[in-house]
Structure formats: structure tokens, C-alpha cells
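Here the protein sequences line up with chains A, B and C, keeping their order.
According to this note's numbering, the first sequence is numbered sequentially starting from 176.
According to this note's numbering, the second sequence is numbered sequentially starting from 269.
According to this note's numbering, the third sequence is numbered sequentially starting from 28.
Since the hints were derived computationally from the structure, they do not count as laboratory data.
Wrong hints could be hidden among the right ones.
Unchecked claim - Cut-off 30 Å, straight-line C-alpha distance, at most; resulting in silico cross-link-like pairs (DSS-like, lysine-lysine):
hint: 1; chain 1: B; residue 1: 364; chain 2: A; residue 2: 206
hint: 2; chain 1: B; residue 1: 862; chain 2: C; residue 2: 163
hint: 3; chain 1: B; residue 1: 304; chain 2: B; residue 2: 522
hint: 4; chain 1: C; residue 1: 95; chain 2: C; residue 2: 63
hint: 5; chain 1: B; residue 1: 374; chain 2: C; residue 2: 163
hint: 6; chain 1: B; residue 1: 734; chain 2: C; residue 2: 71
The model shown is predicted, which means the values in this text are computed figures rather than measured ones.
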Amino acid sequence: MPKLTLEELAKIREKTKRLTTIREGGEYRAKVCVHMGTCGIAAGARSIMNALMKELEERALGDVLLTNSGCAGLCSREPMATVEVAGQAPVKYVDLTEKKIKEIFEKHVLGGRIVTEYALGIGSEKTDF
Amino acid sequence: MTEAAKEKAFRVHLMVCAGTGCVSNHSFEIKEALEKEIKKLGLDNEVLVVTTGCNGFCERGPLLVVQPGNIFYQQLTVKDVPHLVEEHLLKGRPVKKLMYTPPKEKTPIPVLSDIDFFRKQVLIALRNRGLIDPEKIDEYIARDGYVAMGKALTQMTPEKIIAEITISGLRGRGGAGFPTGLKWQMVRNAVSANGGAKYLICNGDEGDPGAFMDRSILEADPHSVIEGMLIGAKAVGATQGFVYVRNEYPLAIKRMTIALEQARAYGLLGQDILGTGFDFDIKIVRGAGAFVCGEETALIASVEGRLGEPRTRPPYPAQSGLWGQPTGINNVETWANVPSIIARGAKWYASIGTPTSKGTKVFSLVGKINNTGLVEVPMGITLREIIYDIGGGIPGGKAFKAVQTGGPSGGCIPKEQLDLPIDYESLTQAGSMMGSGGMVVMDEDTCMVDVARYFLSFTQDESCGKCTPCREGTKAMLDILTRITEGKGTEEDLSLLQDMALAVKDSALCGLGKTAPNPVLTTMRYFLNEYETHIRDKKCPAHVCRQLNVYTIDEERCLNKGKGCDLCRRNCASDAIQGAKNEAHRIDQSKCIKCGVCFDVCNFGAVKVD
Amino acid sequence: MNQGKVTEILTKYQADESALIAILQDIQEEYSYLPKSVLVQVSKELNVPLSRVLSLATFFKAFSLKPKGKHPVHVCLGTACHVRGAQRVLEKFERELGIKSGETSADQEFSLDAVRCVGCCGLAPVVQVGEEVHGKITQTKVAGVIKKYKQ
Numbered sequence: 176m177p178k179l180t181l182e183e184l185a186k187i188r189e190k191t192k193r194l195t196t197i198r199e200g201g202e203y204r205a206k207v208c209v210h211m212g213t214c215g216i217a218a219g220a221r222s223i224m225n226a227l228m229k230e231l232e233e234r235a236l237g238d239v240l241l242t243n244s245g246c247a248g249l250c251s252r253e254p255m256a257t258v259e260v261a262g263q264a265p266v267k268y269v270d271l272t273e274k275k276i277k278e279i280f281e282k283h284v285l286g287g288r289i290v291t292e293y294a295l296g297i298g299s300e301k302t303d304f
Numbered sequence: 269m270t271e272a273a274k275e276k277a278f279r280v281h282l283m284v285c286a287g288t289g290c291v292s293n294h295s296f297e298i299k300e301a302l303e304k305e306i307k308k309l310g311l312d313n314e315v316l317v318v319t320t321g322c323n324g325f326c327e328r329g330p331l332l333v334v335q336p337g338n339i340f341y342q343q344l345t346v347k348d349v350p351h352l353v354e355e356h357l358l359k360g361r362p363v364k365k366l367m368y369t370p371p372k373e374k375t376p377i378p379v380l381s382d383i384d385f386f387r388k389q390v391l392i393a394l395r396n397r398g399l400i401d402p403e404k405i406d407e408y409i410a411r412d413g414y415v416a417m418g419k420a421l422t423q424m425t426p427e428k429i430i431a432e433i434t435i436s437g438l439r440g441r442g443g444a445g446f447p448t449g450l451k452w453q454m455v456r457n458a459v460s461a462n463g464g465a466k467y468l469i470c471n472g473d474e475g476d477p478g479a480f481m482d483r484s485i486l487e488a489d490p491h492s493v494i495e496g497m498l499i500g501a502k503a504v505g506a507t508q509g510f511v512y513v514r515n516e517y518p519l520a521i522k523r524m525t526i527a528l529e530q531a532r533a534y535g536l537l538g539q540d541i542l543g544t545g546f547d548f549d550i551k552i553v554r555g556a557g558a559f560v561c562g563e564e565t566a567l568i569a570s571v572e573g574r575l576g577e578p579r580t581r582p583p584y585p586a587q588s589g590l591w592g593q594p595t596g597i598n599n600v601e602t603w604a605n606v607p608s609i610i611a612r613g614a615k616w617y618a619s620i621g622t623p624t625s626k627g628t629k630v631f632s633l634v635g636k637i638n639n640t641g642l643v644e645v646p647m648g649i650t651l652r653e654i655i656y657d658i659g660g661g662i663p664g665g666k667a668f669k670a671v672q673t674g675g676p677s678g679g680c681i682p683k684e685q686l687d688l689p690i691d692y693e694s695l696t697q698a699g700s701m702m703g704s705g706g707m708v709v710m711d712e713d714t715c716m717v718d719v720a721r722y723f724l725s726f727t728q729d730e731s732c733g734k735c736t737p738c739r740e741g742t743k744a745m746l747d748i749l750t751r752i753t754e755g756k757g758t759e760e761d762l763s764l765l766q767d768m769a770l771a772v773k774d775s776a777l778c779g780l781g782k783t784a785p786n787p788v789l790t791t792m793r794y795f796l797n798e799y800e801t802h803i804r805d806k807k808c809p810a811h812v813c814r815q816l817n818v819y820t821i822d823e824e825r826c827l828n829k830g831k832g833c834d835l836c837r838r839n840c841a842s843d844a845i846q847g848a849k850n851e852a853h854r855i856d857q858s859k860c861i862k863c864g865v866c867f868d869v870c871n872f873g874a875v876k877v878d
Numbered sequence: 028m029n030q031g032k033v034t035e036i037l038t039k040y041q042a043d044e045s046a047l048i049a050i051l052q053d054i055q056e057e058y059s060y061l062p063k064s065v066l067v068q069v070s071k072e073l074n075v076p077l078s079r080v081l082s083l084a085t086f087f088k089a090f091s092l093k094p095k096g097k098h099p100v101h102v103c104l105g106t107a108c109h110v111r112g113a114q115r116v117l118e119k120f121e122r123e124l125g126i127k128s129g130e131t132s133a134d135q136e137f138s139l140d141a142v143r144c145v146g147c148c149g150l151a152p153v154v155q156v157g158e159e160v161h162g163k164i165t166q167t168k169v170a171g172v173i174k175k176y177k178q
């Protein structure tokens, strides 16, 4: 390992910060919550989650929060996910596929434009446990 | 973890506490179980398990914090893990029954920062606790680690660094509270002999019983100490540093050794650091078990491979220290504060605390208190806030009696002074001292004469024997105190004890001896009635001084409640208990050695002590 | 006594006299005590008087001139442990092991020592056996701790 310069130190900082930022409880550009009740998982919620993980990785994003929650209560429309862009109301998407979630990620999470054709509605009951 | 995995993002980080307390509660087994379960459910792509240093809430270990969300799990067992992983990580339902519920309350508190123990804390020295893996330098760097060093090396002159530290008001966290900026200035001004080097030492010989913040910092965030020393080295012009760690702290030695290697590999230690032409390196030195080596001149002697005996000062180590060269010596917590001061500015630091004592102080909150652990609070906070708001008060509905601060050099502060705002001066005025920050809480079941005797036996044992007042004086005081706790004390003993304490305080060579009488003087000042009861009535009100105890069995209770369970007889150390199963038991006083085991094992409260 | 091992330790520290304490620590770790013949060898090879070696060996608590047990038991008598009843825990160990504090059992399995603070005060009273720390120990738990290490 060669000796670091200030610039290289800053690079290490930025890179690792991106990977560890979820520990800090800071501000996020957006939150995506995949509903993972038994029916959600059976309907393929895991593949939705995996697709989201891949998006984050490929785009090297540290400020999008990926979480999961229990059953959202609308089993017939699983897999479902809720997207909440900072400062905006949460949007529930239903009947998801990997392809759809990629599109939603691109347009809504990053672009801020709701993908209305996949959306169930705007607003959400609080996931207070 | 492979290098490739290091680059990967995870959606959940499980922060497993691997401080000494949690490790002794099997946190590494929890870690393994978590990893196994995560793999089993195919979550290993999404969830990362991280081992961190001490989280502070040792009482509740083993601890796990789930990020994001800051969800705090406590007292985990390996059996809890499959359920926890499935519910929280797979299905997104945090598990309430594994969360912390405060004493006397029913609802668990999910989020760490909502828990009283954590809420009132202000973290500077412990800024990275629970947030980084101490064995990974990159994680320290991600938390803005080595930014302050970069600033000091590239943008600041030595004078400017010293000025910042001086303005910040930082004082030595090892006990005496000497202004750090002034100390550095002395080392900078000192001329080294024969053009030799100047040295820096980190004093990690944390000897005060009841204090473990330095251990925790070395284990949880070793790079904060290394960075602090690098900044100090530039300020005073030192080229070599030493970290002196107690032999009793193997984990701290291991983590510091790893940290030094990693810093060296990055070129943050060694020659031409960051290409600035500045050279500095650090060696680790293991202590060999001598309390007196916490005293700086004794510590220096032992680094040189000599007997750990103190010498008279002046000259101070700043003028003539290690191998006769100017040496800057600060303790672990002091060094750990330095990077934050340089990064955020002296004014920010000085805005926290009281007029004479700036910043925060880490205390280890232990003894008869609900939430034992490590807390960092702003100077000026009251004892009441620490003990009741953060510490959650005294267990078992017992009454608070005193809090002991400052280790064997400190004293006992009574409940009348609970509203004392804590800083160096107020504690000294109360007859105690800041010391390294041990805070041992005592309740009605603690005997203050025994506490004084305990500390004197400690200092007497640890006295190096070089000067007479300490060697002989502590022995004579211990003899008197032992006499009193055995019910053989006289009224004259009290004035003799007082005189002797003052004489030793005035005449001993080093800090150990000069402060050794403090526990005696403060307990006499605030709890004289307890001494008098031992002397006049031959009684120990707290039932600690065992020569004065009489154990008896309430025969009715033994038979009716316990059905003569026989547990006491089977455990009795001296065959002093008579009786058989289903019979009332009795203690033969002539055989009883007063070990108290019958009292400890009885599940029915049938054994009485008077 | 394996002299090669001692030579190895001395080589590691380049027979540097100022590393004498570290050298003795490594020897203590290797043999669980400081054997007399080894101290004589150290004195000769470093060319320091035996009296100086012995003064260090007897000053610091990390050193022992008698062999320690296979499982060294350290009962912490720090302040936090003291106020939570550590003295009674120590005495229970003495009775269970049949040795006094500072002694080693006849079968060399256990040695018992009182120590001043292992820095694990949050879990007081604590007992350290080898490198393993056991927290919240009471008289009733002592036999269980010992059993764990018995063959």
C-alpha cells in the first residue's frame, strides 16, 4: 500500500461513507419499503428486494434507504412496495415485477416522478409497531 | 469478509457490541448465530454483521443495534437469534420482547436514542462508539477520521495547534486536570538534551478500580487516540510516541496493535506523512501490573525498563521525561478529544461545560445502580442527573447513600450534594476529585467505614514503598480502620486517624500517597456517625463488617415458607447449621465463620443478619 | 527448561536491556511463571545483574516466581465488585478450590488470585478465568464456574 495523500484519504472517506451511511440516521433522498409478510414473500417480494439492492449497488447510492415491513394487508396485490421521496407523500405500488420496480426506481426514487400506472394510491397508514 | 465484500452495500447493518462486557456475555456467539441464520434465509447479500467497540450500556449486554432505524436489542441469547432474524430482517417486524423496558415500566423502547441512558449523553471522546468496527481503519476514516490530522499537518503551524487546544480549555482527563495546551507548550519550549528527540506518551495504565473508559476507547476507537497523538506530535515537535496499556486489557492491546499496523500501512504513521515531510511513529508498551505506574514519572520509568517508582517533580516530564528528553504525556481520553477540537474548532468545544471545565467527561457508572455502563456527559451536569436520569436510580428500592468518585485518590460524596454540578473544582471542594471518571454508587447496604478500609488496603498494597509517609502511613491507617471494622476501635482512634491522614496528605512523594487519605477524610467528614456506631455500639449498620454480624435463622419462616429446604446447611462453609429437610434449621454461633453464604442462598428470606 | 525458547524471546527484543519488562512478560506467558534458571539466563545474556531482574520480577503483579495453574482464576476486587460482594465470592472460591488466594492447587489445574479491577465494572462482581470474563458472579454461581474448567 503506497502512502496516502490528502486526496486519497478523501476518496477512501467518500467510498466508505457511502457504505456506512445507513448507520448514521441522517437524511435520505428516499425510502423504499418492500412489504414482506408471508404472502408478500410467497408472491415474490424477495426478488423485488434483490432487484432494489442491485440498483443501489450499481448506482453506488448511499442515500436511499431500503427497508422491509410486515404484511401490508392487501395480499391479492402483492408484491408491494412503498416509495417515499423526502418531503413528499408516500406512494404504494402493487403487483410488482423486477422490471416494474426498476422503472419505479429510475423514475420515482431518482427522478421524483410518480409512476401512476403501477401505483395503488398516494398516502400510507403509518408503519408504527 | 473478503475485500470484494467490503465494497458492497448492504441494506441493513447489525452492529454487535464486542466490548469486553458484551464479549464476556458471549456476544461473539451471538454474532456467529446471526451470520448463520442470515445465510440460512438467504439474506447474506443484504445484511451485514459488524462488530463494534463498547456501546456503553454494559448492564444490558449482549447488545445489538439494527441500522437503519437505530433499533436497540438487549440481553440476547443464541436462542433468540432465529426468531429475531426471521421477524425483523426477513419480515420487517421488530421484536418487542427483545427490546429494553425501563425498570418499573411496561412498554419497551425500540429506538436507542429514545432510551434515557443514551438520551442525555453528549459524545465527543466516544463519538464513534457502536458506529464503527474498530479493526477497520476505513470505517474510522468514513466518520471523518484523520481529517483533523490532515488539517493540522497541512494548514496549521505548531503554535496555531497549541493555541486551539489552549482556547478549547481541554484539561487532562486522567485525574489532575492540568491544562493540555499549557502542557504541550512546555514540551514545545523545552530544549531536548544533546539534540535528541522529543516524545509523546499515551497513558493507558487505567488503574483506578471502577473506571474503564480508557479501556473502552482503546477497544472501540483506537484510531481516535492515534490521530490525537499525531496532532500533538506536530504541535510539540515529537517524533516517537508510546501507548502504554495495562496488561489486564488484552483486547485493548490487540485492537491498538491492529490500528497501528493499519495506520502505518496507509502511511499515516511513519515517515513523510501525507507527503508533508512530517515523521512520527507509535509503539505499544504493555504494563506489567502496578497501580503506581499510572503516575507519570513511574510510568516513564517502566517504559525505560526500570522499576515503576515515581520520582520527585520538578523537573516535569515536559522538561525531562523519557530518557531525559522532553515528553508530553496525556491519558487516553484526553488524546481522543483532540481530533474533534481541531476539526470543529476550539470555540465549539469551549461552548460545552462550565467556566473552568470545558467539554465532556466520560464516567463509568457502576456499583449499586440500575443502568451500569459508560456515559459521556457535558461538564456541569449534576450528580442527580447522572445517577437518576441516566443511571435509572438504585436497584431494589434501596436508598442512595453516596457516590465515590476519583478512585483510591477520591472520596465519597453524600446525598446532600446530589445537586452538585460536576467539574474539577466542585469535586475537589467536596473533598473528592475528578480522577479518571469512576463513579461507584453506594446504597444503604454499603458500609462507609468498610469503603475507607477497602481503599486504604488498596493503596497500602499498591504503595511502591519508596517514601515513608505512604509506606508506613497507609499501613498505620489501615490498621486503625481494620480495628474499627472488627469492633475493636476506640474513640481516640478517630482523632489519630484524622491526624495521620492529614500528615500523609502533606508529606507523601507522589500523587498516590498524597491522595490516599481522601477516602478516609471524606467518609469521616460525611459519615462520622457510621464510624461512631462501629466504635460505640460494635455494630455495622449496613451489615458489611462481618466480625460484627450475627446470622440467625427465623425458624418459623424456614419451616413454613421454605419447608426446611436444607439449601443453607448444604452450602454452609463450617458445618455450623443444624437441621434436616422439612425441619427448621438453626445456626450454631460457636461454629459460624460469618461467610454469609446461608444468607445469599436462602430463597425464602429466612436467614437474618444483625 | 527449554533454553531455545528463551533465546528466541531475547532475539525478538534484540537483547535490548530497556525491553527487560517486555521480555519477562513473554517469559511469564510462555511458562506461566518466571523459572529461576531462566532469570539467570536472562541476566547473563543481557548482562544485567540478577538483582535487577529480580527486583522487576517481584515489583510487578504480572509476574510470578511460582508456577500458576492451568486455569488461573482472578477474582476482581475493584471498587464496583467490592461493593457488590466480591470478597465473599473470593472466599467461596478459596473454599471450593481448597486453596488460599495466591496459591495453586496441588494438581496444578487452578491458581487463585485477587486482582484490582479488570475494567469490566458494568458486570460486577466479575471473575476472570484465563482470558474469559464471567460477570455478575455470586457465591451460588462459583461451583458452576469451576466445573466448566474441570476435566
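Checked hints:
1. 364(B) with 206(A): Holds - the C-alpha atoms of residue 206(A) and residue 364(B) are around 23 Å apart, at most 30 Å.
2. 862(B) with 163(C): Satisfied, since the Cα-Cα distance of roughly 22 Å is no more than 30 Å.
3. 304(B) with 522(B): Roughly 26 Å separates the two Cα atoms, so the pair holds.
4. 95(C) with 63(C): Distance ~14 Å between residue 95(C) and residue 63(C) Cα, so the pair holds.
5. 374(B) with 163(C): Between residue 374(B) and residue 163(C) the Cα gap is close to 25 Å, so the pair holds against 30 Å.
6. 734(B) with 71(C): holds (28 Å)
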